[in-house]
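Participant: Okay, here's what each chain looks like letter by letter:
Protein chains: 2
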Amino acid sequence: MLEVKNILAGNQRAGARMIRLIEDNDPTVFGLLKELYPHVGHAFIIGITGSPGVGKSTLIDALISEFRKLDKKIAVIAVDPTSPFSGGAILGDRLRMQRHATDKRVFIRSMASRGQKGGLSRATKDASIVLDAMGYDIIIIETVGAGQADFDITTLAHSTGIISIPGTGDGIQAVKAGILETGDIFIVNKSDKPDADASVYELKMMISMRKPPNLKITRETGWTPRVLKTIAQNGTGVKELADTFLSHFDFMKKNNFVDQKRNAMETSYFNSLLQDLTLKKLLLLMKNSKEYKEVLQKIQEGSIDPLSAAEHITSKICIFENND
Amino acid sequence: MLEVKNILAGNQRAGARMIRLIEDNDPTVFGLLKELYPHVGHAFIIGITGSPGVGKSTLIDALISEFRKLDKKIAVIAVDPTSPFSGGAILGDRLRMQRHATDKRVFIRSMASRGQKGGLSRATKDASIVLDAMGYDIIIIETVGAGQADFDITTLAHSTGIISIPGTGDGIQAVKAGILETGDIFIVNKSDKPDADASVYELKMMISMRKPPNLKITRETGWTPRVLKTIAQNGTGVKELADTFLSHFDFMKKNNFVDQKRNAMETSYFNSLLQDLTLKKLLLLMKNSKEYKEVLQKIQEGSIDPLSAAEHITSKICIFENND
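Protein sequence lines, in the order shown, are assigned to chains Z and D. Quick note on numbering: the first sequence equals residues 35 to 358 in this note's numbering. Quick note on numbering: the second sequence equals residues 35 to 358 in this note's numbering.
The hints are simulated quantities; they were obtained by calculation from the structure and are not laboratory data. There's no promise every hint is true.
Copies of one chain are not kept apart here, so a pair can be met inside one copy or by any two copies together.
[Said to hold, decoys possible] Subject to a maximum C-alpha distance of 20 Å in a straight line, what follows is the list of computed SDA-like cross-link-like pairs (lysine to any residue): (1) 315 to 305; (2) 39 to 135; (3) 321 to 309; (4) 106 to 134; (5) 314 to 349; (6) 287 to 334.
Just chain Z, same shape as in the assembly:
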């Protein structure tokens, strides 16, 4: 397929086109992804998460510059609705981000939700397959940590950085939201603000107390999460951050954790594909069924409630495993 060849050759226009198809939930995407899949596995995928206002985009902008100094090819997927990348913020920010726009070895894309219900995580994974196949060395996925229920960054990224800023009690929020357990690198940004050292101390305390890994995803043992201070605005601490991400990836490779992680990521992807395909197939079958129409009619008449109706319909579903 011509399009697949172009993507594998790293053609940015072809990549952008494919990502748009993914966003649009285009039926050709599945086949294209199957063609690309044998060519992935090269990229180091970094997840960057944090509440709105902590400076994610500015920090990523600075990180891009650092990685470029190491001659890495970088791609960014922004799935944060408040991000300048994805068009959510004020024009000034958006323009500022454009300084990498002329760099052919940097590729920035935003993923809009466009109403694919619950599909943002899937779409992001699909996009990361495209970027990996295009030959990017590093893929950064930017996301708002909290509130995106359908989005588990650890199933998409090798290494996860969690950004907070001093004095917001974000550390405690992180514990509540359960993201403390998922971070490999904690970044206290805007660290020229008062209380930066207190935030670092607080995070270190909480990391030292965090429970032994009991995550769904097999988590490497032996890596103590780092806590780093940065001032994204002027680049302070960003080189160290870039190095720490790279050394985390090295650590994983040396200890064979990249394979473990890949298995966990693939299992998660497989399960989400399975859910999607299953739902599509079943809902199509059901919505064409007499049963469904009858029960919907009863709901509208008020003779059955939606809960009982759903229970009734579901009881009619069967599976057989025919080993043909």
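Since the structure of chain Z is provided, determine the placement of chain D on it from the hints.
Facilitator: Then chain D, alone, in the frame of chain Z:
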């Protein structure tokens, strides 16, 4: 059931307990909701949406005061991760919101995502059933508009208010995000800022150009969306906003659109229940199957890609409609 009786009697502690069970995805919830369902249908449900920083919580706080003057019982569900209600913002804001805390006829709850993937919309609907059954006259659902892919406010609320602030180009963002089509009332908050009138004009222009209703949900015709200016901070315009929400509901009732809307909301709820129950059942069956385990093994060995594997498994699923 004692708990159901307490909820129907409007007991706030029982209501809070039930909402916590919903958040925790507790297996007893389904049965309790079935008991409550015959008692819902009284409440006027208002959706309030807008980007972080537009002042949603402050405006809702002021709206509560207005509705209280009309002696309405009010409940608020905050599903916005950046909302003070849901604990996402700075302490000062959170304290400010507490001024209704001693009012027994006001009940404020936040819905945390707690990792129920894609279930935030379902959980919010479930919670609104509880609040409706408790006898609240008005239920306000607060949500961030963009980025919550799994969240379609129009399937949960009778009336949707979309908040923006002057000079952010939010109007254009609204068109892009497709939420322009879903708003019944547009609110330009912080309207003491420059460009407020330009924002009002821009919104009115876009409303006048909006396409004829082609939404999934049957939308009432004949209601021209209002554009109102408010300054939530000092209450300016909030009385008019409260009145406009109530007159929109009156308009719907007079024109029999409340029934239409209820049908659309119930169909949507039924479909989401059906999806959940179906997925739960199928995934359980599949994950215990030999087929699933074999294919997962092959993925890890690299002899099949996750996409082809999911396709293979899905092809094994069948449904029969046995009319017992």
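Participant: Of the hints stated earlier, which fail here?
Facilitator: 2
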